[in-house]
Amino acid sequence: MSLKKFLLYGYDSQSYRDCLDLIRWTDRRHMRIINSWFLVVNLLYLIFSMNNLFGVNETFIPFYSAFFGISVVFEGVLFLLRSRIRGITFPLMYLMIAILSVYGIVTSLNQPYMAAIMFEVLLVLVSLSFIDTMAKMGGTVILMGGAFLYTSYANKPMVIAYQDIYNTIVFLSLALVLHYAFQRARISQFVTYRQNVAIQQTLAIRSDFDELTSVLSRSAFFKLTDILMESEPDDLLVLCLLDLDGFKEINDTYGHQVGDMAIQKTGQVLLETLGITFGEKWSYTDRVIPEGTSFAGRLGGDEFICLIRGLNDTDEVKAKVHEILDNLNAQRFENIEGLHSSFGLTVITKEDRNIDGPYQRADDALYESKRGGKNKITFNNKYKRWRES
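Under this note's numbering, the first residue of the sequence shown carries the number 152, and numbering increases by one thereafter.
Since the hints were made in silico from the structure, they are not lab data. Given the structure is predicted, the values throughout are model-derived calculations rather than measurements. Everything hinted at is true.
In the DSSO-like style, the derived pairs of lysine-lysine whose C-alpha atoms are separated by at most 27 Å in a straight line are:
id, residue 1, residue 2
1, K501, K469
2, K527, K471
3, K469, K527
4, K416, K525
5, K416, K374
6, K521, K471
7, K525, K471
8, K416, K521
9, K471, K432
10, K469, K521
11, K416, K399
12, K521, K399
13, K374, K469
14, K471, K374
15, K287, K155
16, K374, K501
17, K533, K471
18, K521, K533
For each label pair, taking beta carbons as the anchor points, the in silico distance ranges come out as:
id, residue 1, residue 2, range
19, R369, S187, 47 to 53 Å
20, R438, T343, 23 to 29 Å
21, S370, K469, 27 to 33 Å
22, G461, A217, 53 to 59 Å
23, T353, S324, 39 to 45 Å
24, R168, K469, 47 to 53 Å
25, Q408, T428, 23 to 29 Å
26, T404, S370, 30 to 36 Å
27, L195, R168, 39 to 45 Å
28, R183, Q262, 25 to 31 Å
29, T465, G397, 26 to 32 Å
30, K155, A332, 16 to 22 Å
31, F333, L260, 26 to 32 Å
Glycine included, every Cβ here is placed at the ideal spot set by N, Cα and C.
From just these sequences and the hints, can you work out the full model?
See below:
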């Protein structure tokens, strides 16, 4: 194993960077847990010192009061900055490590005739809880041990200092070994988790999107439409069906490859004209309804379906659909001079309990466009009334 991989717990730089958000999340969670423990410990020792219990007398009140206050402030920082803490995870983590180190050292100096216990516990606790890189965390743990040994050697009787040196070397070695082993195992879990998430996202994309055109699949479109209609939105909803005129002739004359290109171009025009952007494609179906945007799908072959939202009235809808038609007619590729298409539209009303009624009305309108000469738009107004006020 190369030194670079060793410093990243046995993983390459890309794998480590891919796991960085999970590493930060783990450090934030452990900061909250450790700070809560630290707060409770200092509160208990403060109570003990006030009541002279367990060998802790009143002389320790200022010490435990100070660190209890620090833990309360740190808890407040974690709470108040919870929405912005992601970017300062590592600085806060190292600040907590510094606080714990000072606490362990001062606790030891308060009992100069006893070998340190609390510091050794904190040394191992830090190594097991936090993760950055082996170089940074290893250096931090060694620095903790060095600072402690210096203060112990300078302020304690030599026999106690030697005992601290021995214990620190043992616990420091243990802390470094455990840190590497535990954090390597954690990153392994993170890598596996990310791989599983990637597989799930890929499956979701394959299930929800038409592979040829990138618009929604038939099932995903109708699922979204059902969810939207159940939510009874107050905005104008228009269902639009379209298919390409003379698509069979395109396939017969120029071949299926050109036919596929025609379908792809149609999907592209729908996405661009309706302003449909996916962002993270795997989460698109969860976001599109709350965002109030239009969405489009492919029914099969050269048939497409759209649900148009975000416009003020049917005149704006008609203008938008005419824009789609113009953009399709403007397509030039291979020997194709424009994609001629027929459209059927209808408003989805509050009286529509499911998509069946609007779909039938839009399909009737599409048939009227075909019968009326093709490459045109027909709006079906055969519904009882538009939305109730």
